[in-house]
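**Student:** One letter stands for each residue in the lines below.
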Amino acid sequence: MPQGRRDFLEQAGRWLFLTSAAQAALEFVVAGNASAAPNYNMHTHWWAMTIDITKCIGCGNCVRACAEENGVPKGFFRTWIERYDVPGWEMDRPDVDAPNGGMDGFPDKPAKGKSFFVPKLCNHCAHSPCVQVCPVGATFETPDGLVIVDEQYCLGCRYCVQACPYGCRYINPKTNTVDKCTLCYHRISKGLTTACCEACPTGCRQLADLKNPKDPVHDFLRTNSIQVLKPQMATGSKVYYRGLDGSVR
Amino acid sequence: MQAAHGVEGFLYPNEVELQWSILIVLYPYITGLVAGAFILASLERVFKVEAVKPTYRLALLTALAFLLVAPLPLQLHLGHPERSLEMYLTPHRSSAMAMFGFVYLWYLMVVLLLEIWLDYRKDIVQLSKTTRGPVGWIYKALTLGSSNVSEGALRADDRIGYIVTVIGIPSAFLLHGYVGFIFGSIKANPWWSTPLMPIVFLFSAMVSGIAAVMILYMVSTWMRKKPLDTRCVDTIAKYLFYAFVIDFSLEMLDLIHRIYEADESFHTLDFMVQTRLYMSQVVLQIMLGTVAPLAVLAATQLWTFTEAVRQRLYFASGVLTLIGIFAMRWNVVIGGQLFSKSFLGYTSYKMEFAHREGLLAAIALMILPFLLLWGLVKLLPPWPENEAKA
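Protein sequence lines correspond, in order, to chains A and B.
Using this note's numbering, you'd call the opening residue of the first sequence number 3 and step up by one each time.
Using this note's numbering, you'd call the opening residue of the second sequence number 1242 and step up by one each time.
Everything hinted at is true.
Here are the simulated DSSO-like pairs of lysine-lysine, each with C-alpha atoms no more than 30 Å apart in a straight line:
#1 B:K1428 with A:K232
#2 A:K176 with B:K1591
#3 B:K1363 with B:K1294
#4 A:K76 with B:K1591
#5 B:K1619 with B:K1289
Stretch-level coverage of chain B by chain A, calculated; a stretch enters the list once three of its residues show a Cβ under 8 Å from a Cβ in chain A:
#6 1337 to 1346
#7 1583 to 1596
Read the hints as simulated data drawn from the structure, not as lab findings.
The model shown is predicted, which means the values in this text are computed figures rather than measured ones.
Cβ atoms here follow ideal geometry from the backbone N, Cα and C, with glycine treated the same way.
Full structure from sequences and hints, please.
**Tutor:** Structure follows, in structure tokens:
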């Protein structure tokens, strides 16, 4: 179809406008801090995550998406998936595996009993033992409910790694500082969801804003049987599981 | 990767590598020697146990030599040692670790240096007048500009020194009890998390410090070809025995409590002690490092031996004690990281050799306090015959 000069200019202008808009948006996305998002008010949010165990198929999409989005070094995990196999009544000795953190999915294995997948990540605890022990306050709780590490300030003493009951922290060999899930702060502060939630094909993981009265999380918490990991640790965990079996550690 | 790390069962994927190495084993071991040596020194100064006087100055210098080295393993271990000053500048008040710098500085500056200076002031003034060359300048600097050794000034030194020692005893307790708290307050780790940890650390510190000073006194006396003050070593051995009985009782209390309570972590920890920690915990710490020296020390309290035999028995029990307390620190620090917080698996610790956190660095760090002590002893001789006459 022949294209007139007017059509060409109109189309080129549209591309030019869209490209610069995309560039501007990208700047915010890669900037990675809340202050770069001008309209974000951290006092109006209280972030959490819901995980529906009954929906997880152990595909590993979330682990791969997280690693790619956040440049997680090989062999370490900001999020991972565990496969549980609970043979009958022996709930205290479940058979658990997480090959490569579940990143590549799970090889077939005949189940001895009840089998299910448990995605895990930092619980962004409201009373974080990791925050409590950091000698310089390099790991801290944000007003919107996240536990974040300032890598410019972290000494690399690893006390927080010892204090985390969930094994969510590791030393990043590139920076020699501690690293962990940020709940994709650089994304959620721009109105996006986390990389793991976005990549989940079954909607097993959902980002939740507990301060938003319209967030479906409130219905989810009200209408389901909910549990957090290791409740006896009293850490104020904000990752809420539906269908969490008592054998899960 | 997991097989290469000696992994057995299930660990959370970030748990495979140990976070705290042999250098963190040295940290409580060294601070324990400091606290124990100081408490032995305070026996003479505050509790008037005159028999241990020959070791008073040696104990203080030993405490200083080890205290100067105490922060080094921590510095070497940090991912960013250049940021460690932040612990002083912007300490996080809820962190037990953040207080280390302040406890350390308090102990070093207010307690130990002050007490040593006050005790040696008269010697330093005399030496500054009689020694020539660079060493003489050092003595002159150490007088801090005061050459007043009048009777009144010395009486004031003594009174202040006494007060400093009285303050020093709870400070020594604080120094090592605090190290125990660093581990004991980690609720995520059942191997560490017990309110007994600070007090077990304290008594084990006293045991190791007393044993170390006893051995240093014996070796230095033999090297100087001087007669050993048997009454002194008898008394030290007696206090070592008493401290060890309390320490052993506390550790047994902890063990019995764990076995009887048998909480969710018990089977995991029990299996670990019987397998991966068997050599270091059962053989080295309990049998060789605790039961054996306790039995030897008990024998010296119950039966009469000749002086020469007693000395050998004390020496052997002192060496075994130091091995046992080192094994105890190892089992706390390394043992506490060998099991998964899921209680479903174990990893292993493979110590590197020529590495920042390897065996070579650890050996160098353990030699360093002895070199420092050698220098301190040369500069400030702790031997009774060198003491400046009143």
